[in-house]
Amino acid sequence: MSEDSTSTGIPGPDGAANVIETDYQIGQDNIETQLGPFGLDIHNPVFLVSGLTIVAFVFLTLAFQSDVGPLFDALRKWLTGSLDWFFIVSGNIFVLVCLILIVTPFGNVRIGGKDAIPDYSYFGWFAMLFAAGMGIGLMFFGVLEPVYHMAFSAPVGVPSPFDADGNLIEENVAAAKAMGMAATIFHWGLHPWAIYAVVALALALFSFNKGLPLTMRSVFYPIFGERTWGWPGHIVDTLAVFATLFGLATSLGFGAQQANAGLEFVFGIPVSDTAQVVLIIAITAVALISVLRGLDGGVKVLSEINMMIAALLLLFVIIAGPTGTVISGFFSNLASYAREIIPLSMPFGRDDDGFRQGWTSFYWAWWISWSPFVGMFIARVSRGRTVREFVICVLIIPTIVSVIWMTAFGGTAIEQVLTNPDSQVHQYVIASYSPELSLFGMLADLPMASLTSFVAIILVIVFFVTSSDSGSLVIDTITAGGKVDAPVSQRVFWCTFEGLVAIALLLGGGLGALQAMAVSTGFPFTIVLLLACYAILKGLADEPR
Amino acid sequence: MFRKIMMPIDLGHTEKLEKARRTGADLAKQYHVPICYVAVTAATPGALGHNPEEFAAALDAFAKSEAARFNIAAECKAIVSHDPTIDLDSALLSAVNEVGADLVVMASHIPNIADHLWPSNGGTIASRSAASVFVVRSN
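As given, the protein sequences belong to chains A and B, one line each in that order. Following our numbering, the residues of the first sequence are numbered contiguously, the last one being 1091. Following our numbering, the residues of the second sequence are numbered contiguously, the last one being 207.
Hints listed in this document are in silico derivations from the structure and should not be mistaken for laboratory results. Any given hint might turn out to be false.
Part of the chain B face toward chain A, derived, beta carbon under 8 Å [to be verified]:
(1) Thr112
(2) Gly114
(3) Ile154
(4) Ala182
(5) Ala199
Computed footprint of chain B on chain A, listed as stretches where at least three residues anywhere in the stretch have a Cβ under 8 Å from a Cβ of chain B [what the hints assert, rightly or not]:
(6) 657-668
(7) 757-767
(8) 832-840
(9) 1027-1034
Where is the CB? At the ideal position from N, CA and C, for every residue including glycine.
Please construct the entire structure, taking both the sequences and the accompanying hints into account.
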């Protein structure tokens, strides 16, 4: 042996961290084999159980659509109607835990060890977490929600500015506008990002600091101990795969419908199953290319491009819309949000069942069902940040961006509705409810509508590509037992599978059932996340600060 | 003839690389040059270490063991990648220059239809590297 045995290329020392000693070897339950020409490295039984169950679910949903559709719809309504208090209380707990992490010495702990260095710049990191977290939702709901809540929802009893005949009631306008914006920001602000932050921090902490596999089950090591590697862990990971795939496939399906509606609105391409199937195939194809380009060359690049296009569209709406109202609206909406966040967070003693159960509770279940996907993705790119920096960036900055976005898009739309009863937003949100056209309706009443609508369609599609890409990465990691170097064919499999599931359910009309299923996974995951809060605090207590 | 040999190593499957390891060692002795064993890992915990430092230690131990076994001079280089599955080729190509190797000896599977979809690592390195590349079939 020579004397010059060296190892180089490792980033600076990671420093002190409290690794959990376990006999479990990452990948020890994996099956490594060849399936024809393709290599496989999959976790047994998570891959097999989740894969087969999803195939069976799709088949049964399509075969017995008339029966399962109402069943899942009833399940969703029961969950969001009867357990609304549970979702709302849990959402509040997640926000409180995050605030505690910011202000206590726990915030000093660094993800990846005391001296770990961040892997990504702020811009790249922020672009990825924002694109994965809610980029597409802001496109769909940025116009719809503020106008709808102002006109119809009556959150915490604030009356509508319209009477039964659709005439404006001047004295109600100011309060309804403020509440419409506050209620929307409430759904896109601290609470959803607190949910993501809890999951992401838990995963990052137990993987990068504790040395456990990057899968959901690792978070439960302080609770389950070595049983984490048995069936309790299998169930947690399988649930995470279900939530991610159902959520992604549903979004792909609905996204194709929205993009198709936009293409009809702008170019007159008629809405049809064929057009939507072509869109899903195109989105999946681009996602496959992105998958094959990897994390840095694919999803990071697309996320950054998307953020720049989104910023340009936002700037355009601010300049072309009621600029003064939007700028002053930012501060007044922030104030309204701060004023109303407590009343809107109250789980009891309210009469706004439609808003609380139909919107808030539904959203919380939806965010929670998406949290394994977004959380794991955020965790993977967040090494090197302190807990305080992490929570502030994942909680506060996206909330502020959401306020800016909603103020620009929602504020402009509300002005259009209130000043012009013939506006297209009025048509698509109030007169005849066509939510997928609300954004295009708002843009249509601004200059250069054809160009901006086209940009909006591109933005919607690219946001879906990044979701599909990062989702494939996450599912592959979970079903490979936390290994991030499994054969690329597995990622291709999951990415393709997402597209196929979306097409099958779109053609079979089962997307509504699938959405209900995705939301239904939110309930068991809420319990999982509450346990994760305990695990985070326990895990952080052992870390050097 | 050569200055330094670089040998990419999958530390999780060293037994499958036996033929390439022997070939590399024979060439190292033939030309009296060292071998630099190169391996790529993610920052996330893996079977070979909780973190990149532990992975690097495992690679260092492997290099020492090969040096003793074949009586050759050996060194090693661990590379941390965000996405090793995809970034492996580019990481290895950069490593060829960084370690100053002019011969790469690496194992590769027998070509199959999958190579038309995504080429083998050996094929990619051979087609893009300025160094000589000796691709050793696994059987």
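Verification of the supplied hints:
Below 8 Å, beta-carbon pairs count as interface contacts, and B:Thr112 has one with chain A at about 5 Å; its hint therefore holds. Against a cut-off of 8 Å between C-beta atoms, the interface hint on B:Gly114 holds, since the closest Cβ of chain A lies about 6 Å away. At a threshold of 8 Å, the smallest CB-CB gap from B:Ile154 to chain A is about 3 Å, leaving the interface hint in force. The criterion of a C-beta within 8 Å of any C-beta in chain A is met by B:Ala182, whose closest approach is roughly 4 Å, and the hint holds.
Here the hint on B:Ala199 is broken, as its CB sits about 18 Å from the closest CB of chain A, past 8 Å. Coverage of a stretch by a chain is defined here by at least three residues with a beta carbon nearer than 8 Å to that chain's beta carbons; for the segment 657-668 of chain A and chain B the count is 3, and the condition holds. Counting residues of the segment 757-767 of chain A whose C-beta sits closer than 8 Å to any C-beta of chain B gives 4, which meets the bar of three, so the coverage hint holds. Counting residues of the segment 832-840 of chain A whose C-beta sits closer than 8 Å to any C-beta of chain B gives 3, which meets the bar of three, so the coverage hint holds.
Here's how the segment 1027-1034 of chain A fares: 7 of its residues keep a CB closer than 8 Å to some CB of chain B, so the rule of at least three is met and the hint holds.
When the structure is compared with the earlier hints, a violation turns up for hint 5 alone.
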